[in-house]
Amino acid sequence: MIKKHQPLRKFHDYKSSISRSPNKEPLWINSSSSEMSGPLFSEKIINKNDNDLTLNFSKIGEKPLGQEIFVHGFVKDENGNNLKNVLIEIWQANAGGKYRHQNDPSNIKLDENFGGCGRFITSSDGYYIFKTIEPGAYPYPNRGTEWRPRHIHFSLFGSMFLQRLITQMYFEGDPLIKSCPMVNSIPDINARKLLIGRLDLSKTENEKILGYRFDIVLRGKEQTFFENKREGL
Amino acid sequence: MNEPKKLIDTPSQTAGPFLHIGCTPRITGINIFKSELGLIPFQDISDNEAINIKGKIYDGNNEPIIDAMIETWQCDVNGNYSSNQGFARIVTDLKTGEYQLKTIRPGNKINTDGSLSASYITFWIVARGMNRPLITRMYFLENDLKNDLVLNNIKIEDRLNTLIPYTEDKKNFIFNIYLQGKKETIFFEF
Ligand SMILES: [Fe+3]
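Protein sequences, first through last, are from chains A and B.
Residue numbers are given in my numbering: position 233 of the first sequence equals residue 233, and the series is strictly consecutive.
Residue numbers are given in my numbering: position 150 of the second sequence equals residue 150, and the series is strictly consecutive.
No lab work stands behind these hints, which were simulated from the structure alone.
Treat the hints with care, as some may be off.
Each pair of labels, with its calculated beta carbon distance range [said to hold, decoys possible]:
1) A:T204 / B:N161: 56 to 64 Å
2) B:D44 / A:M36: 22 to 30 Å
3) B:L116 / A:M36: 15 to 23 Å
4) B:D47 / A:N79: 45 to 53 Å
5) A:Q102 / B:K54: 17 to 25 Å
6) A:N103 / B:E168: 29 to 37 Å
7) A:S31 / B:K183: 25 to 33 Å
8) A:N79 / B:I110: 56 to 64 Å
9) B:N62 / A:N206: 41 to 49 Å
10) B:K146 / A:L65: 31 to 39 Å
Even glycine gets a Cβ: it sits at the ideal position worked out from N, Cα and C.
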């Protein structure tokens with residue numbers, strides 16, 4: 001099967017991908033025991049509030065600035081089975097679009113009540129939930145200054161290294177998504193929509209926390225031929 | 001009968017330059033989690049069995065990448081993979097771009113056909129500018145590597161040395177990764 005739903009490594013509109021992607025074709029091989037195995041993380045490494053970014057860094061009795069949201073959903077494999085014991089790590093900017101990171105050049109203020117990271121391990125039915133605040137959009141250098149759509153970074157460990165995934169969730173309705181070169185590096189226009197967290201009013205709490213639904217699918221064992229694979233390689 | 005419809009796997013996106021916040025938060029001064037992941041690949045590595053691997057990842061301009069995360073995955077001395085050891089998470093130095101890994105040399109295992117499995121460490125790499133992770137392997141012996149890979153593709157024979165580290169004492173290894181250019185590393189797709 002040829003897949004056009006994974007991004008191209010080299011995508012002209014995303015400047016830093018030009019020098020940070022190989023020029024030669026990759027070597028396609030069958031996965032072996034090293035790809036079919038992987039680390040497994042236990043609940044023991046998780047604290048109770050690790051998935052609540054409005055609480056896990058803030059001072060007692062204080063809250064970060066911004067619109068509080070739930071981000072939740074199911075992690076599945078490509079056959080639709082819910083995946084349990086998947087470690088999810090997330091990170092994001094604060095409500096003003098500033099990361100708690102020494103290399104973030106922006107002048108926007110840090111929020112002393114917001115660290116910007118969380119962890120969760122999916123339950124037996126593959127479900128996960130985070131409570132956080134809506135991150136701000138932020139500018140970055142690309143072709144001149146461009147703006148990243150609001151997003152949350154997601155990192156996932158399935159049961160084998162083949163399923164290891166790092167991605168980003170965008171927010172439904174954000175007008176910046178359309179022009180984002182990282183989103184547009186995905187050739188299949190419909191697949192880009194898989195990265196959008198959908199407003200989920202069924203998950204709104206006490207009329208003060210908004211809900212977003214973001215389901216994630218991890219790949220299986222079958223070889224995945226990308227569009228740029230040449231015959232005979 | 002219809003084949004059951006497969007779901008499309010979620011597209012990958014770059015981890016960006018600030019991946020440390022979520023993956024190695026202590027580097028950014030965030031100390032809220034019980035522990036960092038993959039600090040050591042194996043418990044209680046003795047001085048005798050320890051090997052040290054270091055190197056840099058060079059981009060197409062021959063600049064070391066300072067915002068990369070590498071996850072390594074390997075078997076134990078007997079050639080067995082286990083879900084509770086063999087994993088390490090390291091980042092390249094924010095100033096110099098150098099990474100360092102202290103681990104043990106993975107062993108070989110006898111395959112069902114009587115042959116020996118190859119000994120290597122998998123390197124899984126993400127950074128700003130990488131829309132998908134790059135995957136490569138560090139082999140210890142040229143023979144291992146040839147048995148493992150050359151059958152797959154004769155065209156890469158002149159680049160096989162990109163998967164072998166430099167060492168003088170078989171204890172300290174230098175394994176640089178080149179994304180482009182004459183020394184471009186072999187990357188894998190599965
Ligand atoms: Fe970001």
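> Regarding K146 of chain B and L65 of chain A, is the given constraint of 31 to 39 Å on their beta-carbon distance met?
Replying inline: 58 Å, violated
**Item:** Cβ separation of N62 of chain B and N206 of chain A, checked against the hinted range 41 to 49 Å
**Value:** 56 Å, violated
Confirm or reject the claim that N79 of chain A and I110 of chain B have a C-beta distance inside 56 to 64 Å.
33 Å, violated
**Study point:** 25 to 33 Å as the expected CB spacing between K183 of chain B and S31 of chain A, which holds or is violated
**Key:** 26 Å, holds
ask   = Honestly, do T204 of chain A and N161 of chain B meet the 56 to 64 Å range at C-beta?
value = The hinted range 56 to 64 Å holds for T204 of chain A and N161 of chain B, with Cβ atoms some 58 Å apart.
Assessment of proposed distance window 45 to 53 Å (beta carbons of D47 of chain B, N79 of chain A): 47 Å, holds
Q102 of chain A versus K54 of chain B beta-carbon gap, inside 17 to 25 Å or not
22 Å, holds
So does N103 of chain A sit 29 to 37 Å from E168 of chain B, Cβ to Cβ? Since the Cβ atoms of N103 of chain A and E168 of chain B sit about 35 Å apart, the hinted range of 29 to 37 Å holds.
Quick one: are L116 of chain B and M36 of chain A within 15 to 23 Å, going by C-beta?
Cβ of L116 of chain B to Cβ of M36 of chain A: about 19 Å, so the range 15 to 23 Å holds.
| Holds or violated: 22 to 30 Å for the Cβ distance of D44 of chain B and M36 of chain A? | At roughly 27 Å between Cβ atoms, M36 of chain A and D44 of chain B fall inside 22 to 30 Å, so the hint holds.
Hint compliance for this structure: hints 8, 9, 10 are not met, and every other hint is.
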